[in-house]
Amino acid sequence: MRSVFPRAILVAAALAAGCSGTPWNYPYSTADRSEKILYSVFVDRPKHLDPAQSYTTDEAVFTRQIYEPPLQYHYLKRPYELVPLTAIAVPKPQTITRGGATYSVYEIRIKPGIHYQPHPAFNPEHLSLTRSAVAGLRSPYDLPGHTTRELVADDYIYQIKRLAHPSLHSPIFGLMSEYIVGLKEYAERLKKAAKPGEWLDLREHRLEGVERVNSHTYRVTLKGSYPQFVYWLAMPFFAPMPWEADRFFSQEGMAAKNFTLDWWPVGTGPYMLAQNNPNARMVLERNPNFRGELYPSEGEPGDRERGLLDDAGKMMPFIDRAVFVREKEAIPLWNKFLQGYYDMSGIQSDTFDQAVRISVEGESNLTPEMESRGISLRTSIAATIFYLGVNWLDPVVGGTSERARKLRQALAIAMDWEEYLSIFANGRGVPSQSPLAPGIFGYRDGKAGINPVAYEWRGDHPQRRPIEQAKKLLAEAGYPDGRDAKTGAPLVLYLDTTSRGPGDKPRLDWWRRQFANLSIQLEIRETDWNRFQEKLRKGTTQLFIVGWSADYPDPENFLFLLHGPQSRAKNQGENASNYVNAEFDALFERMRNMSNSPERQKIIDRMTDIFRHDAPWIGGFHPKNYSLSHGWLANNKPNEMTDAAFKYWRVDPARRAALRREWNEPVIWPVLLALAALVAAVVPAVLSYRRRERMAAR
Amino acid sequence: MTAYIIRRILYAIPILIGVNLLTFALFFVVNTPDDMARMQLGSKRVTPEAIEKWKIEYGYDRPLLWDSKAEGIAKATHTIFYEKSLKLFTFSFGASEADKRDIANEIKSRMWPSLALAIPVFLVGLAVNITFALFLAFFRATYLDYSGVVLCVVMMSISTLFYIIGGQYLVSKLLHLVPISGYDAGFDAAKFLVLPVVIGIISSFGSSARLYRTLFVEEMGKDYVRTARAKGLADTTVLFRHVLKNAMIPILTGVVVVIPLLFLGSLIAESFFGIPGLGSYTIDAIQAQDFAVVRSMVFLGSVLYIVGLVLTDISYTLVDPRVRFE
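Chains as they are written, first to last, in my numbering: chain A, 1 to 698; chain B, 1 to 326.
Bound conformation, chain A alone (with noise of 0.2 Å):
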């Protein structure tokens, strides 16, 4: 009899599972366990799926495989270079002049024969459904009759309109205005237009400057020249959007139901949005109607000896689905990843030592218990810059004077932007030489790269100059030993910084001692994100931490940070520093209208010059991503320009569910000792019991 209970429970248990071989833990359905499903998490509920609204790396994962612009990155060529998507060829820029202004036209050809998905609104009965119809409805899908029809030129104009559509927050609308003929006015005239509660047909309403040539060709007119432009056209704000598509969503009671363009997207892309809860799951599955598209055959040297050209030429997308789980905890995020229930993971700093060692030559290995599983590191350095910004207008530190530009100087030798790396990110980032990220035009590596003011050349790598240096200019900025050498009151610094938890102080002593290295008080001014941004805009901060990621490859987009009339203070721009330097704003003008070339390349190194020179940066860093994936996982490599690489990717379910089950394989015994436990402490109990009832007894 004793031994029937612990046999029970291993049969339940059995059954429980499904008998199938399938680990306890399974967190997913067992009828997908064979399939070519990539399993993924999202942190943060997507807050837009709208590609006119839509603009964060957590939204571009799902909008990126749904909506196709004209162009897109080369998946495996660095650096980066635009390729066509349903477009047939990167347009070129015409040049014309009218009445005296010079424009230029962009026409853009679609590939014929492109379908979107099957989806209800491409069904006529279904643009009038009355309220109760609506009110019935779990999902947009469960209506009858899903169709498809052809992409047309049309659905990018009319996606192009919506950046001026009244009711949408179009994050590039204020940019495209700026450019786009007749944009602006566009936007008041629809103001005007739109009525509470009913359908705003844009069709209806003429933009100037986008116009349709035949029924795949359109052409976009910018005021000027504008050679960024082209980056635009490869971001989701530029896909197609089929009018049908927006009248479906506008009928009444959709929006009651979260049925809405922000919640379920309409693409010619690979997926379709399948099932949409950001509360806990999202699917994107194969769009039946997808094209296919040919995995590409050329990358940049070393593809190929990493097996990322295994697939050229094959016809894609190589998974069917991809299931997303939202994980807001990182333990669980990272368990579940060990477990290999998701196929790729960041790395925490919590986790970073079981996952990655840096050798004595400062390169990032897996553990072997990483290898030991199969998964792969990829690290990619991000286009982006964190910075130590010195406000342009403050008396202390900004301005032009001899002895801020040496104060600022001396500073940007004392902060040890690589200790900092190395306590606070494991090592994850480099620290930055000027305003470009590498693998931007312009950006120039080794020795030709340092900055001369921070860094001097040692061997075969830049070395931070001595604190003796900066201890030297700090003394002719007119501050000897940290104290104003008229007054002999100690130099006090201000940082204001939005890191104000416990686990922050750390981090904010560390920013006091390297101010002490140069006997310079620092006061931290900790504030909520609210009060930070205002002190920007009012430019009341003296020293601040901010950060840029690039929306596109191009030198332009992190030099503009610098750029006076894009001043944050005096125009609310991207200027945060406010930082003012004629000779740099006139070459800025040049630089950001030419397209890349030696000449433009000189005046990025004279940029950068003046920039070091002037130093309105205390230096900084662009992160460096770390990104694992197991072995089942094929064609991953990190792009830092766009989230559209899952038609790439390949996945062996097969290794996968066999390796899921050796890596789960449930451990009952210390269940059953704890029973065993729980029974051997009820026996006293029940011993002292039946003698109590005895003891009544007599």
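These aren't lab readings, by the way, just hints derived from the structure by calculation.
This structure is a prediction, so every number in the text was calculated from the model and none was measured.
Note that beta-carbon positions come from the ideal geometry of N, C-alpha and C, so glycine has one too.
Among the clues, some could well be false.
Using 27 Å as the maximum straight-line C-alpha spacing, the simulated DSSO-like pairs for lysine-lysine come out as follows [said to hold, decoys possible]:
{"#": "1", "chain 1": "A", "residue 1": "Lys535", "chain 2": "B", "residue 2": "Lys55"}
{"#": "2", "chain 1": "A", "residue 1": "Lys195", "chain 2": "B", "residue 2": "Lys75"}
{"#": "3", "chain 1": "A", "residue 1": "Lys36", "chain 2": "B", "residue 2": "Lys173"}
{"#": "4", "chain 1": "A", "residue 1": "Lys191", "chain 2": "B", "residue 2": "Lys69"}
{"#": "5", "chain 1": "A", "residue 1": "Lys36", "chain 2": "B", "residue 2": "Lys191"}
{"#": "6", "chain 1": "B", "residue 1": "Lys69", "chain 2": "A", "residue 2": "Lys195"}
Listed next, with one range per pair, are the computed distances between beta-carbon atoms [stated by the list, open to error]:
{"#": "7", "chain 1": "B", "residue 1": "Pro48", "chain 2": "A", "residue 2": "Asp509", "range": "32 to 42 Å"}
{"#": "8", "chain 1": "B", "residue 1": "Ser159", "chain 2": "A", "residue 2": "Asp609", "range": "16 to 26 Å"}
{"#": "9", "chain 1": "B", "residue 1": "Ile5", "chain 2": "A", "residue 2": "Gln348", "range": "45 to 55 Å"}
Given chain A's structure and the hints, the job is docking chain B onto it.
Just chain B, lined up with the frame of chain A:
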């Protein structure tokens, strides 16, 4: 009883207005409508025009509490407070300001995962805690009792977070018995709920069991218990038929009031176990400065708390005939 309930509902109205006013004041002390717009529009390429457009669309271009430029009643109604907070009394929650999703719809769909976790934790936890407390009370002043109390003190001294992380590590990572986190609809949810339910019970076990034990022991020292024993009733009969019933009054005080709040879910457990309930909804809204969701959830919490208090009063009359609404 009906009159009493109506009176309590009427009392609730000024309380709810006060709660709304307080939430409104707290929120707008730290946030301006401009801050909210910037938060929702992101930090890149946000123009002053975009901020104005957002404020107009969401109704934050109005005065906070009083519109001196308006005429008549509109002075009070053409305000953010009236539009955003007072309309909650009609249970019209509106849409999230972060992602425009309908709040009522979200609450309806997220309520079930919260209940799926909270109800088993509540019911099983109550049963386990009362049983254990009765057990200790039965063996009071013995080594079993002392050991049990020490166990309770130890367990109540450990943070809930420790139970969650430790439980996930032991049960899911080392023993591979259940998924670490996640959720699914219907019966598939069971495998995801086992661990959070067990941890939920364990984490409240120490404090609750110790409290209940104290109540039972206090009750067992009363005269009627001695009388029952003197009549020759068995210890178990005295315990279950008399002590348990009489000790239920203070237990009900703490228990019934939380029943309506079960809808609101658990803030920490839902986050760690990936359960898409109302607890994680509230946390997300606070982090995103989504005032529409925050005020809705605070209002809902207040309403449910008041409902809980009324239910507690009603339950008193059921378990103790001496208590009357008068």
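Practice task
May I ask you to test the hint 16 to 26 Å on the CB atoms belonging to Ser159(B) and Asp609(A)?
Solution key: 55 Å, violated
Handout entry: Hint consistency between Lys36(A) and Lys173(B) [alpha-carbon to alpha-carbon, up to 27 Å]
Key = 25 Å, holds
Handout entry: Distance restraint evaluation - Ile5(B), Gln348(A), Cβ atoms, bounds 45 to 55 Å
Key = Distance hint for Ile5(B), Gln348(A) holds at roughly 52 Å.
Problem - Agreement of Lys69(B) and Lys195(A) with the hint, judged by alpha carbon distance not exceeding 27 Å - result: 25 Å, holds
Exercise for the section: Just tell me: holds or violated, for the beta carbon distance of Pro48(B) and Asp509(A) against 32 to 42 Å? Expected result: For Asp509(A) against Pro48(B), whose Cβ atoms are near 38 Å apart, the range 32 to 42 Å holds.
Handout entry: Distance restraint between Lys195(A) and Lys75(B), which requires alpha-carbon spacing of 27 Å or less
Key = 26 Å, holds
Exercise for the section: With a cut-off of 27 Å on the C-alpha distance, tell me whether Lys535(A) and Lys55(B) pass. Expected result: It holds: about 21 Å lies between the C-alpha atoms, which stays within 27 Å.
Exercise for the section: Would you mind confirming whether the straight-line C-alpha gap from Lys191(A) to Lys69(B) stays at or under 27 Å? Expected result: Holds, at roughly 25 Å.
Practice task
With a cut-off of 27 Å on the C-alpha distance, tell me whether Lys36(A) and Lys191(B) pass.
Solution key: Judged against 27 Å, a Cα distance of about 24 Å means the pair holds.
When held up to the earlier numbered hints, the structure conflicts with hint 8 and nothing else.
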